[in-house]
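K.L.:
So the protein lines, in turn, are chains A and B.
Read in order, the letters of the first sequence correspond to residues 0 to 283 in numbering that gives the first Met the number 0.
Read in order, the letters of the second sequence correspond to residues 0 to 283 in numbering that gives the first Met the number 0.
Errors might be hidden in some of the hints.
When chains are identical, the list treats them as one kind, so a pair holds in a single copy or across two.
As the list claims (entries may be wrong) - No more than 27 Å apart at the CA atoms, straight line, and that leaves these computed lysine-lysine pairs for BS3-like:
1. K165 / K13
2. K19 / K254
3. K165 / K122
4. K100 / K41
5. K100 / K122
6. K236 / K213
7. K38 / K161
8. K218 / K152
9. K10 / K199
10. K13 / K161
11. K41 / K13
12. K39 / K13
Hints were generated in silico from the structure; no laboratory data involved.
2 protein chains.
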Amino acid sequence: MLVHEIEELRKIRKEWCGEKVGLVPTMGALHQGHLSLIKKAKEMCDRVVVSVFVNPIQFGPAEDYGKYPRTLEKDMELCNSAGVDLVFAPSPEVMYGKGQKLSNDTLTYVCPPFFYVNKLCGKSRVGHFDGVCTVVLKLFNIVQPDFGFFGEKDAQQAVIIKKMVKDLNVPVEIIECPIVREEGGLALSSRNKYLSEEGKKEALVLSKILNNIKACYNKGITDIDALKETAYGFLSKEHELEYLEILDRDTLDEKDKADDNSRAFIACRVEGVRLIDNICLGGK
Amino acid sequence: MLVHEIEELRKIRKEWCGEKVGLVPTMGALHQGHLSLIKKAKEMCDRVVVSVFVNPIQFGPAEDYGKYPRTLEKDMELCNSAGVDLVFAPSPEVMYGKGQKLSNDTLTYVCPPFFYVNKLCGKSRVGHFDGVCTVVLKLFNIVQPDFGFFGEKDAQQAVIIKKMVKDLNVPVEIIECPIVREEGGLALSSRNKYLSEEGKKEALVLSKILNNIKACYNKGITDIDALKETAYGFLSKEHELEYLEILDRDTLDEKDKADDNSRAFIACRVEGVRLIDNICLGGK
Numbered sequence: 000m001l002v003h004e005i006e007e008l009r010k011i012r013k014e015w016c017g018e019k020v021g022l023v024p025t026m027g028a029l030h031q032g033h034l035s036l037i038k039k040a041k042e043m044c045d046r047v048v049v050s051v052f053v054n055p056i057q058f059g060p061a062e063d064y065g066k067y068p069r070t071l072e073k074d075m076e077l078c079n080s081a082g083v084d085l086v087f088a089p090s091p092e093v094m095y096g097k098g099q100k101l102s103n104d105t106l107t108y109v110c111p112p113f114f115y116v117n118k119l120c121g122k123s124r125v126g127h128f129d130g131v132c133t134v135v136l137k138l139f140n141i142v143q144p145d146f147g148f149f150g151e152k153d154a155q156q157a158v159i160i161k162k163m164v165k166d167l168n169v170p171v172e173i174i175e176c177p178i179v180r181e182e183g184g185l186a187l188s189s190r191n192k193y194l195s196e197e198g199k200k201e202a203l204v205l206s207k208i209l210n211n212i213k214a215c216y217n218k219g220i221t222d223i224d225a226l227k228e229t230a231y232g233f234l235s236k237e238h239e240l241e242y243l244e245i246l247d248r249d250t251l252d253e254k255d256k257a258d259d260n261s262r263a264f265i266a267c268r269v270e271g272v273r274l275i276d277n278i279c280l281g282g283k
Numbered sequence: 000m001l002v003h004e005i006e007e008l009r010k011i012r013k014e015w016c017g018e019k020v021g022l023v024p025t026m027g028a029l030h031q032g033h034l035s036l037i038k039k040a041k042e043m044c045d046r047v048v049v050s051v052f053v054n055p056i057q058f059g060p061a062e063d064y065g066k067y068p069r070t071l072e073k074d075m076e077l078c079n080s081a082g083v084d085l086v087f088a089p090s091p092e093v094m095y096g097k098g099q100k101l102s103n104d105t106l107t108y109v110c111p112p113f114f115y116v117n118k119l120c121g122k123s124r125v126g127h128f129d130g131v132c133t134v135v136l137k138l139f140n141i142v143q144p145d146f147g148f149f150g151e152k153d154a155q156q157a158v159i160i161k162k163m164v165k166d167l168n169v170p171v172e173i174i175e176c177p178i179v180r181e182e183g184g185l186a187l188s189s190r191n192k193y194l195s196e197e198g199k200k201e202a203l204v205l206s207k208i209l210n211n212i213k214a215c216y217n218k219g220i221t222d223i224d225a226l227k228e229t230a231y232g233f234l235s236k237e238h239e240l241e242y243l244e245i246l247d248r249d250t251l252d253e254k255d256k257a258d259d260n261s262r263a264f265i266a267c268r269v270e271g272v273r274l275i276d277n278i279c280l281g282g283k
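Construct the entire structure; sequences and hints are all you get.
P.N.:
What follows is the structure, encoded as structure tokens:
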């Protein structure tokens, strides 16, 4: 079922009173990564809602809001095959109000803590996580799910959303699901569509660097600079590295030494496309 | 019933499934103004929750957080007599977490729009409405009421909270209740306790100025500067005027001329105590 309006969704939601409801918030252009979230939601919930909304307030002025892939018809097919109960695909006008200017002069924002935001993707994408938290809280308030499902690929986002839920006592449990990868190791992303065949090969550098860091850690290297330096052998002029960091996976704090609670995060441009990936150093 | 812990409250709230729940958020030191909110809530709801929480993050460093009156025992008596079902009185540690530093470096905040905040009380109380919105959203998420009751005395607060509810799709309806006054006209406020008998007399200047502005408006004066100038005859050296503004009552926008949708707002210090009041120019 496809729903575009908030009031219609609220009406249906009321009929589900007493059932466990899961929300998978997406920007559409669904791929196997999203489907793994939907599958997990189906396992845990009586009802599964997928939201499809390319959220204008989480894109910077120089970013790809306009050209971000919009494939609602195909998304609906995937959701129907996956047994999704309801796809919520509102317009920006429905989400933010007609004629509403989208700035913090005129709109209430949810602002995650500076210490969580001022690193990794937040450093280059100023205001991005304010936009993410604001829209996720709006979706939580509209759908009122018991569980919200998020992918570990956007690991900083998942940490920040869990922090928001804790800080604001949001009555939603956040479930994180592992990264889904292509056979070669490339983490699935809607932005992979921007890459040529050649670019996709070059993009393997992200997972190669992360796997190598983990292998080195498993061999006993815990010095963070030493682990980071292992990356440079993989990089060529095709790769524009934005960041490579090893941080605490729960707090995003810097550490003296890598440990099992550390996560390595990378962002790198290939053919001008900004790609991100990460890996936990602990575990298998 | 007095509850201090969030989990205990959530458990009781679940038992009220299907009932209409009203929340009256307060900082305690309850007076007839609060009781009028409780009365309205009793009329509209099956269950009434009063929260009593002096919220540290809405006080500036030079403000009266430490000395703000705390009278929980008396508040409980009043709530019991008024038929309140539950008083929620958490500690700061319960609300914000043990050892949690209270700053936007480390805590998720709800930030109302700059255009709503950068005037009236928000101009001198920097960060105040971020703190108010954050705690109100937390209380809404904890209590999950159908209705939230707020007094018109804090008119800017009520406008900002209604804006937050709209912008963030919070599933709570905001009910505003009229100002309750002493016989002489002084608007009830927990901060009136700081005043001497003499100060209370001097404090009548706020309602006198507002009533006079309304009388002048009713006589046909709509020029805003002219209306504001009528105040100065009332002021003496006992009164430290912080602001006197006539703005749109819904948007807090400035107007060319006063009209029935205008509200006059005043803040004035008497004996060092900051008092506020307001009046709608439309209506009786």
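K.L.:
Now tell me if each hint is right for this structure.
P.N.:
Verification of the supplied hints:
no.: 1; hint: K165 / K13; verdict: both (25 Å within a copy, 20 Å between copies)
no.: 2; hint: K19 / K254; verdict: neither (39 Å within a copy, 49 Å between copies)
no.: 3; hint: K165 / K122; verdict: within (23 Å within a copy, 30 Å between copies)
no.: 4; hint: K100 / K41; verdict: neither (37 Å within a copy, 38 Å between copies)
no.: 5; hint: K100 / K122; verdict: both (25 Å within a copy, 22 Å between copies)
no.: 6; hint: K236 / K213; verdict: within (24 Å within a copy, 72 Å between copies)
no.: 7; hint: K38 / K161; verdict: within (21 Å within a copy, 37 Å between copies)
no.: 8; hint: K218 / K152; verdict: within (25 Å within a copy, 66 Å between copies)
no.: 9; hint: K10 / K199; verdict: neither (44 Å within a copy, 51 Å between copies)
no.: 10; hint: K13 / K161; verdict: both (26 Å within a copy, 23 Å between copies)
no.: 11; hint: K41 / K13; verdict: both (19 Å within a copy, 24 Å between copies)
no.: 12; hint: K39 / K13; verdict: both (23 Å within a copy, 26 Å between copies)
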